[in-house]
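Based on these hints, arrange chain B on the given structure of chain A.
2 protein chains.
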Amino acid sequence: MMHLPQVSRWVDSVDNQLIQYFSQKDPLTHPLDRAMEYSLLAGGKRLRPVLTLAVVDCLGGNTDSAIPLALASELLHTYSLIHDDLPSMDNDDLRRGKPTNHIVFGEALAILAGDALQSEAFRLLIDEPCPDLDLATRLAILSDFAHAVGRNGMVGGQVMDLQQAGKQFDIERLRQLHGRKTGALIHFCVRLGARLGRANAREMAALDTYGHALGLLFQVTDDILDLEAESSVLGKTAGKDQDQDKATFPKLLGLEGAKAFADETLSLGQDALTSLERDCKLLSDIAEYVRNRGH
Amino acid sequence: MMHLPQVSRWVDSVDNQLIQYFSQKDPLTHPLDRAMEYSLLAGGKRLRPVLTLAVVDCLGGNTDSAIPLALASELLHTYSLIHDDLPSMDNDDLRRGKPTNHIVFGEALAILAGDALQSEAFRLLIDEPCPDLDLATRLAILSDFAHAVGRNGMVGGQVMDLQQAGKQFDIERLRQLHGRKTGALIHFCVRLGARLGRANAREMAALDTYGHALGLLFQVTDDILDLEAESSVLGKTAGKDQDQDKATFPKLLGLEGAKAFADETLSLGQDALTSLERDCKLLSDIAEYVRNRGH
Numbered sequence: 000m001m002h003l004p005q006v007s008r009w010v011d012s013v014d015n016q017l018i019q020y021f022s023q024k025d026p027l028t029h030p031l032d033r034a035m036e037y038s039l040l041a042g043g044k045r046l047r048p049v050l051t052l053a054v055v056d057c058l059g060g061n062t063d064s065a066i067p068l069a070l071a072s073e074l075l076h077t078y079s080l081i082h083d084d085l086p087s088m089d090n091d092d093l094r095r096g097k098p099t100n101h102i103v104f105g106e107a108l109a110i111l112a113g114d115a116l117q118s119e120a121f122r123l124l125i126d127e128p129c130p131d132l133d134l135a136t137r138l139a140i141l142s143d144f145a146h147a148v149g150r151n152g153m154v155g156g157q158v159m160d161l162q163q164a165g166k167q168f169d170i171e172r173l174r175q176l177h178g179r180k181t182g183a184l185i186h187f188c189v190r191l192g193a194r195l196g197r198a199n200a201r202e203m204a205a206l207d208t209y210g211h212a213l214g215l216l217f218q219v220t221d222d223i224l225d226l227e228a229e230s231s232v233l234g235k236t237a238g239k240d241q242d243q244d245k246a247t248f249p250k251l252l253g254l255e256g257a258k259a260f261a262d263e264t265l266s267l268g269q270d271a272l273t274s275l276e277r278d279c280k281l282l283s284d285i286a287e288y289v290r291n292r293g294h
Numbered sequence: 000m001m002h003l004p005q006v007s008r009w010v011d012s013v014d015n016q017l018i019q020y021f022s023q024k025d026p027l028t029h030p031l032d033r034a035m036e037y038s039l040l041a042g043g044k045r046l047r048p049v050l051t052l053a054v055v056d057c058l059g060g061n062t063d064s065a066i067p068l069a070l071a072s073e074l075l076h077t078y079s080l081i082h083d084d085l086p087s088m089d090n091d092d093l094r095r096g097k098p099t100n101h102i103v104f105g106e107a108l109a110i111l112a113g114d115a116l117q118s119e120a121f122r123l124l125i126d127e128p129c130p131d132l133d134l135a136t137r138l139a140i141l142s143d144f145a146h147a148v149g150r151n152g153m154v155g156g157q158v159m160d161l162q163q164a165g166k167q168f169d170i171e172r173l174r175q176l177h178g179r180k181t182g183a184l185i186h187f188c189v190r191l192g193a194r195l196g197r198a199n200a201r202e203m204a205a206l207d208t209y210g211h212a213l214g215l216l217f218q219v220t221d222d223i224l225d226l227e228a229e230s231s232v233l234g235k236t237a238g239k240d241q242d243q244d245k246a247t248f249p250k251l252l253g254l255e256g257a258k259a260f261a262d263e264t265l266s267l268g269q270d271a272l273t274s275l276e277r278d279c280k281l282l283s284d285i286a287e288y289v290r291n292r293g294h
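As given, the protein sequences belong to chains A and B, one line each in that order.
Residue numbers for the first sequence, in numbering that gives the first Met the number 0: 0 to 294.
Residue numbers for the second sequence, in numbering that gives the first Met the number 0: 0 to 294.
Don't read these hints as lab results, they were simulated from the structure.
Treat the hints with caution; some may be incorrect.
Treat identical chains as interchangeable: a pair holds within one or across any two.
Straight-line Cα separation of at most 27 Å, DSS-like style, residue types lysine-lysine; simulated pairs [claimed, not checked]:
no.: 1; residue 1: Lys-166; residue 2: Lys-24
no.: 2; residue 1: Lys-245; residue 2: Lys-97
no.: 3; residue 1: Lys-245; residue 2: Lys-24
no.: 4; residue 1: Lys-97; residue 2: Lys-44
no.: 5; residue 1: Lys-258; residue 2: Lys-24
no.: 6; residue 1: Lys-258; residue 2: Lys-280
no.: 7; residue 1: Lys-280; residue 2: Lys-166
no.: 8; residue 1: Lys-44; residue 2: Lys-245
no.: 9; residue 1: Lys-280; residue 2: Lys-24
no.: 10; residue 1: Lys-24; residue 2: Lys-44
no.: 11; residue 1: Lys-97; residue 2: Lys-166
no.: 12; residue 1: Lys-44; residue 2: Lys-280
no.: 13; residue 1: Lys-280; residue 2: Lys-250
no.: 14; residue 1: Lys-258; residue 2: Lys-166
no.: 15; residue 1: Lys-280; residue 2: Lys-97
In isolation and in its complexed conformation, chain A is listed as follows:
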């Protein structure tokens, strides 16, 4: 994801754990495992688990023991991509430059692979050992996760997105949409790191602000990238949102306005980090990376 040795090591660890996870396929459900594995190992940047690990690191916690739980967001994210790409949703044939899950495995198996990835994401947070993690904190993590991914979180945001047609979207409504669709899971990743790193209340509040800003920044820059980039660079069909006449930040604010909004959002996140009074260089770099990626 970023050319930092620390991040590269974490990405490698995450990738290794994911490969390990599917090393013993269940002979009875082999095609399901292959479909789950295909999308999980299709070249994701691992931003979400890395974000969790960077927060743990910033708070002086143990990143190694955080990895199994940090993977949950990657499984959840992958399920959401598989379902978003389906013919009845965005109908995308390409993702990260590769055929989408339903193109390779068929629609039925793609739906089921997504379903199983959601269950497995919960299972990791429920079951995976994590030294010194008390039961109450584990349940608090699970509660954060359940709220971030369901009806009031990611799925709710996806429904808002699908139902946009013919509706007037102002900037506040667009923020709510993406706060759920993309932001809630990114915010969760930061909170997970905060809980695993034993943040106190003041630190949690600052990291909440950072996580919220980062989720928003992610979508604003995605909209900007989508407008500017070519298919070959993004690995997905560029300009698609524009074609479908969906509200985007550049459409509501203009391209320059959207860039200014991204910069303000970045500043908000950076200010929150400053207030932490810890060495947050990596978290700051991640926010910079999200702002400037793809250029």
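Chain B in isolation, oriented as in the chain A frame:
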């Protein structure tokens, strides 16, 4: 479901809680809530939550405080029906005599309603208050649930079912398929009741045997019903499994053989109840009901 006053009261309580659950729809995601509600309130028999409550009752526990957690299996079951009915899966237009979710709300919203119901099922088990439930037991319940519903449970069973074509299925393979596809969640409902009713190790083992037998019995009798019943009685397209040349218990054992197998499975469950040395009349009646329903 059954004409017993106790069960009717529980069914009413479950229905009321489900109605309550959607009484305040989120204005931003109203269509999602309506799609979830539609299938949840489409006339299910509530077998799964009732089963949990009957186990709690048998063990002398508090059924009222068990209801919020008992609902989780109904949400999960409903999500599985919505996804199973999709065009790329079983392609069913009718369920319980009503148009299926994707017929009413479209395919995209049906997929998302299922996705959100899975998240919400976990959320209920994570978040809903339950007096005297300690954190370790709650996490054990969540672990049971995650295993019952995902890759090695329900979704895995659905994949085995979809991939049957051209494969030789013996009775053992068919048991594995249905043990996952249907049995795992029914077994979970019994275990949930056992944990909420503070079963000791001996009682848990007996209830595991009962839950396992009940899950199997459910599928064997479903196969028998599907062969015998008319569309009008079942409220779904009868004889469908036969048409699609899928393995069923009657196909492998003959109709009389399948009935004998159902009776043996029923006895196995009843014997386990006897060994409990408690008043298990209701659990016994539920098993009888599953064996004889629809005739």
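Structure-based check of all given hints:
1. In this assembly of identical chains, Lys-166 and Lys-24 lie within 27 Å of each other by CA distance solely across copies; the values are 19 Å between and 46 Å within a copy.
2. For a Cα distance limit of 27 Å, the shortest separation of Lys-245 from Lys-97 inside one copy, 25 Å, qualifies, whereas the shortest one across copies, 34 Å, does not.
3. Taking the shortest Cα distances, Lys-245 and Lys-24 sit within 27 Å of each other only across copies (24 Å), while inside one copy they are farther apart (41 Å).
4. In this assembly of identical chains, Lys-97 and Lys-44 lie within 27 Å of each other by CA distance solely inside one copy; the values are 14 Å within and 44 Å between copies.
5. In this assembly of identical chains, Lys-258 and Lys-24 lie within 27 Å of each other by CA distance neither inside one copy nor across copies; the values are 46 Å within and 35 Å between.
6. With identical chains, the CA atoms of Lys-258 and Lys-280 are at most 27 Å apart within one copy only, with a shortest distance of 23 Å there and 69 Å across copies.
7. Taking identical chains as interchangeable, the C-alpha atoms of Lys-280 and Lys-166 are never at most 27 Å apart, the minima being 41 Å within one chain and 56 Å between chains.
8. Taking CA atoms no more than 27 Å apart as the test, Lys-44 paired with Lys-245 passes inside one copy only; the shortest distance there is 26 Å, against 41 Å between copies.
9. In this homomeric assembly, Lys-280 and Lys-24 never come within 27 Å of each other (Cα to Cα): the closest approach is 40 Å inside a single copy and 42 Å across copies.
10. Proximity of Lys-24 to Lys-44 under the C-alpha cut-off of 27 Å is restricted to the intra-copy arrangement: shortest distance 24 Å within a copy versus 36 Å between copies.
11. In this assembly of identical chains, Lys-97 and Lys-166 lie within 27 Å of each other by CA distance neither inside one copy nor across copies; the values are 33 Å within and 30 Å between.
12. For the homomeric pair Lys-44 and Lys-280, the shortest alpha-carbon distance inside one copy (19 Å) is at most 27 Å, but the shortest distance between copies (56 Å) is not.
13. Within a single copy, Lys-280 and Lys-250 get their C-alpha atoms no closer than 33 Å, and across copies no closer than 66 Å, so neither meets the 27 Å cut-off.
14. In this assembly of identical chains, the alpha carbons of Lys-258 and Lys-166 lie at most 27 Å apart only when taken from the same copy (24 Å versus 57 Å across copies).
15. In this assembly of identical chains, Lys-280 and Lys-97 lie within 27 Å of each other by CA distance neither inside one copy nor across copies; the values are 33 Å within and 57 Å between.
Violated hints, in rising order: 5, 7, 9, 11, 13 and 15; the structure is consistent with all others.
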